[in-house]
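Take a look at the letters that make up each chain.
2 protein chains.
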Amino acid sequence: MKTQVPLKNAKWIVEPGCVLLVAGGTADRASLMTFSWQTPVKTMDPCLVLLAVNRVRYTHELIRRNNELTINVPGRSLLKQTHLAGTVTGRKIDKFAYCGLTPVKANLVEPPLVAECAGHLECRVVDTHAVQSHDLLICEVVDASAESDFFDGAWIPERFQTLHYLHGKRYGLLTHCVEV
Amino acid sequence: MKTQVPLKNAKWIVEPGCVLLVAGGTADRASLMTFSWQTPVKTMDPCLVLLAVNRVRYTHELIRRNNELTINVPGRSLLKQTHLAGTVTGRKIDKFAYCGLTPVKANLVEPPLVAECAGHLECRVVDTHAVQSHDLLICEVVDASAESDFFDGAWIPERFQTLHYLHGKRYGLLTHCVEV
Numbered sequence: 000m001k002t003q004v005p006l007k008n009a010k011w012i013v014e015p016g017c018v019l020l021v022a023g024g025t026a027d028r029a030s031l032m033t034f035s036w037q038t039p040v041k042t043m044d045p046c047l048v049l050l051a052v053n054r055v056r057y058t059h060e061l062i063r064r065n066n067e068l069t070i071n072v073p074g075r076s077l078l079k080q081t082h083l084a085g086t087v088t089g090r091k092i093d094k095f096a097y098c099g100l101t102p103v104k105a106n107l108v109e110p111p112l113v114a115e116c117a118g119h120l121e122c123r124v125v126d127t128h129a130v131q132s133h134d135l136l137i138c139e140v141v142d143a144s145a146e147s148d149f150f151d152g153a154w155i156p157e158r159f160q161t162l163h164y165l166h167g168k169r170y171g172l173l174t175h176c177v178e179v
Numbered sequence: 000m001k002t003q004v005p006l007k008n009a010k011w012i013v014e015p016g017c018v019l020l021v022a023g024g025t026a027d028r029a030s031l032m033t034f035s036w037q038t039p040v041k042t043m044d045p046c047l048v049l050l051a052v053n054r055v056r057y058t059h060e061l062i063r064r065n066n067e068l069t070i071n072v073p074g075r076s077l078l079k080q081t082h083l084a085g086t087v088t089g090r091k092i093d094k095f096a097y098c099g100l101t102p103v104k105a106n107l108v109e110p111p112l113v114a115e116c117a118g119h120l121e122c123r124v125v126d127t128h129a130v131q132s133h134d135l136l137i138c139e140v141v142d143a144s145a146e147s148d149f150f151d152g153a154w155i156p157e158r159f160q161t162l163h164y165l166h167g168k169r170y171g172l173l174t175h176c177v178e179v
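These protein sequence lines map, in sequence, to chains R and E. Here numbering that gives the first Met the number 0 is used: position 123 in the first sequence is 122, and no number is missing along the way. Here numbering that gives the first Met the number 0 is used: position 7 in the second sequence is 6, and no number is missing along the way.
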């Protein structure tokens, strides 16, 4: 069951450096992109996450219209859909439908969540810095939720394997947890 | 054996979002920090990597003296040393010695590499953006090398397991590669 994650714990949803599906737009017109160029930049009050987004991307254009986006965490079972979403632009197609993914209404922002994903951050862009072809979008997390069987304040790799981009068509799976 | 990695492939050393050891300073006075708030921001010509560094960190102070740093990738066998390096400041101790890690001369920058790590990026800070308590250091990669048994243009999880921070004392291991 998906449950709310306290905002002070929101950054742990992206902390492992996993591949994400980032959605922009509105209920009428949304798209998404496969993404792994992100990092937290502030843990809380509020939690800030940075996304380095190429300005040519269609999802970048959608995000800029309302300065809102959702971050969604796919796992091993969504490998094919996640890779597919990174190979085509949503400018002329409905990328959700094309990839077999389901948009659902977010709590506080206009862009949809990706229903099949195990964790979600709802974000508003509060600042932007340009670095050559990319915008560094500084995103305030306004809502967070995750599948409680898979996330207890951190991902549980024995139950849910995040994807980590290696190269080309190769992804790494986070399968084990070790404790110091 | 450690071999040079072409700069056009350098970003794949950090692309999976793994935990890093980032070193600053000189041969006479160096320190390092455990780190996972990074992302590539440009693939090549040159490759740029962003580090979001809290300005209170001693390694930040060292990096600011010469605007150079090294990024080093520890694996599973360095779990204890990597965690330890994240729990203490190097302001009053030699953190390399404290953690049982060995500084070795880099090819093109003043800060040392961490000998025990499997991959290395040598970087110069070319731009900085401030976000509240953190500096976004935009780093140009000027040299890259990796253990050729573990990295063939991407990490090989069956041979070398990167660490991914989960929470507290918990780290995830990237143990499997899946191909779409």
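Everything labelled a hint here was simulated from the structure, so no lab data went into it. The reader is advised that the hints may include incorrect statements.
[As the list claims (entries may be wrong)] Straight line, CA to CA, 16 Å or less: simulated EDC-like cross-link-like pairs of lysine to aspartate or glutamate:
{"hint": "1", "chain 1": "R", "residue 1": "168", "chain 2": "E", "residue 2": "146"}
{"hint": "2", "chain 1": "E", "residue 1": "7", "chain 2": "E", "residue 2": "44"}
{"hint": "3", "chain 1": "R", "residue 1": "7", "chain 2": "R", "residue 2": "44"}
{"hint": "4", "chain 1": "E", "residue 1": "7", "chain 2": "E", "residue 2": "115"}
{"hint": "5", "chain 1": "E", "residue 1": "104", "chain 2": "E", "residue 2": "142"}
{"hint": "6", "chain 1": "E", "residue 1": "168", "chain 2": "R", "residue 2": "151"}
{"hint": "7", "chain 1": "E", "residue 1": "79", "chain 2": "R", "residue 2": "178"}
{"hint": "8", "chain 1": "R", "residue 1": "1", "chain 2": "R", "residue 2": "115"}
{"hint": "9", "chain 1": "E", "residue 1": "168", "chain 2": "R", "residue 2": "178"}
{"hint": "10", "chain 1": "E", "residue 1": "1", "chain 2": "E", "residue 2": "146"}
{"hint": "11", "chain 1": "E", "residue 1": "1", "chain 2": "E", "residue 2": "178"}
{"hint": "12", "chain 1": "R", "residue 1": "79", "chain 2": "R", "residue 2": "115"}
{"hint": "13", "chain 1": "R", "residue 1": "1", "chain 2": "R", "residue 2": "146"}
{"hint": "14", "chain 1": "R", "residue 1": "91", "chain 2": "R", "residue 2": "27"}
{"hint": "15", "chain 1": "E", "residue 1": "1", "chain 2": "E", "residue 2": "115"}
{"hint": "16", "chain 1": "E", "residue 1": "1", "chain 2": "E", "residue 2": "151"}
{"hint": "17", "chain 1": "R", "residue 1": "168", "chain 2": "E", "residue 2": "178"}
{"hint": "18", "chain 1": "R", "residue 1": "79", "chain 2": "E", "residue 2": "142"}
[As the list claims (entries may be wrong)] Cβ pair distances, simulated, as ranges:
{"hint": "19", "chain 1": "R", "residue 1": "106", "chain 2": "E", "residue 2": "168", "range": "30 to 40 Å"}
{"hint": "20", "chain 1": "E", "residue 1": "158", "chain 2": "R", "residue 2": "5", "range": "30 to 40 Å"}
{"hint": "21", "chain 1": "R", "residue 1": "131", "chain 2": "E", "residue 2": "65", "range": "46 to 56 Å"}
{"hint": "22", "chain 1": "R", "residue 1": "5", "chain 2": "E", "residue 2": "85", "range": "21 to 31 Å"}
{"hint": "23", "chain 1": "E", "residue 1": "96", "chain 2": "R", "residue 2": "177", "range": "37 to 47 Å"}
{"hint": "24", "chain 1": "R", "residue 1": "53", "chain 2": "E", "residue 2": "96", "range": "37 to 47 Å"}
{"hint": "25", "chain 1": "E", "residue 1": "86", "chain 2": "R", "residue 2": "3", "range": "54 to 64 Å"}
Because the structure is a prediction, the values reported are computed rather than measured. From the three backbone atoms N, C-alpha and C, an ideal C-beta is built for every residue, glycine too.
Hint-by-hint comparison with the structure:
1. With a C-alpha separation of about 22 Å, the suggested pair residue 168 of chain R and residue 146 of chain E falls outside the 16 Å cut-off, and the hint is violated.
2. Our distance criterion of 16 Å between C-alpha atoms is met by residue 7 of chain E and residue 44 of chain E, whose separation comes to about 7 Å.
3. For a cut-off of 16 Å, the pair hint linking residue 7 of chain R to residue 44 of chain R stands: about 7 Å separates their Cα positions.
4. For the hint linking residue 7 of chain E to residue 115 of chain E, the alpha-carbon distance of about 24 Å lies beyond 16 Å, and the restraint is violated.
5. At roughly 13 Å between alpha-carbon atoms, residue 104 of chain E and residue 142 of chain E fall within 16 Å of each other, so this suggested pair holds.
6. Taken as a hint, the residue 168 of chain E and residue 151 of chain R pair is honoured in the structure, with Cα atoms around 14 Å apart against an allowance of 16 Å.
7. Between residue 79 of chain E and residue 178 of chain R the CA atoms are separated by roughly 9 Å; this keeps the pair inside 16 Å, and the hint holds.
8. Note on residue 1 of chain R and residue 115 of chain R: the hinted pairing holds, with a Cα-Cα distance of about 11 Å set against a maximum of 16 Å.
9. Using a Cα cut-off of 16 Å, the hinted pair residue 168 of chain E and residue 178 of chain R holds, with the two alpha carbons roughly 5 Å apart.
10. Simply put, residue 1 of chain E and residue 146 of chain E have alpha-carbon atoms about 4 Å apart, close enough for the 16 Å limit, and the pair holds.
11. With a C-alpha separation of about 26 Å, the suggested pairing of residue 1 of chain E with residue 178 of chain E is violated against the 16 Å cut-off.
12. Restraint check for residue 79 of chain R and residue 115 of chain R: satisfied, since their Cα atoms lie roughly 13 Å apart, inside the 16 Å limit.
13. Taken as a hint, the residue 1 of chain R and residue 146 of chain R pair is honoured in the structure, with Cα atoms around 4 Å apart against an allowance of 16 Å.
14. Of the supplied pair hints, the one linking residue 91 of chain R and residue 27 of chain R holds, its CA atoms being roughly 14 Å apart against a limit of 16 Å.
15. For the hint linking residue 1 of chain E to residue 115 of chain E, the alpha-carbon distance of about 11 Å falls within 16 Å, and the restraint holds.
16. Between residue 1 of chain E and residue 151 of chain E the CA atoms are separated by roughly 11 Å; this keeps the pair inside 16 Å, and the hint holds.
17. With a CA separation close to 5 Å, the supplied pair residue 168 of chain R and residue 178 of chain E stays within the 16 Å bound.
18. A threshold of 16 Å between alpha carbons decides the hint, and for residue 79 of chain R with residue 142 of chain E the separation of about 34 Å lies outside it, so the pair is violated.
19. Taking 30 to 40 Å as the suggested C-beta distance range, the pair residue 106 of chain R and residue 168 of chain E conforms, at roughly 32 Å.
20. The given range of 30 to 40 Å is respected by residue 158 of chain E and residue 5 of chain R, whose C-beta atoms sit roughly 38 Å from each other.
21. Taking 46 to 56 Å as the suggested C-beta distance range, the pair residue 131 of chain R and residue 65 of chain E does not conform, at roughly 24 Å.
22. A hinted range of 21 to 31 Å for the beta carbons of residue 5 of chain R and residue 85 of chain E is consistent with their spacing of about 23 Å.
23. Taken as a hint, the range 37 to 47 Å is violated for the pair residue 96 of chain E and residue 177 of chain R, whose Cβ atoms sit roughly 25 Å apart.
24. Between residue 53 of chain R and residue 96 of chain E the beta carbons are some 43 Å apart, a value that agrees with the proposed interval 37 to 47 Å.
25. The given range of 54 to 64 Å is broken by residue 86 of chain E and residue 3 of chain R, whose C-beta atoms sit roughly 31 Å from each other.
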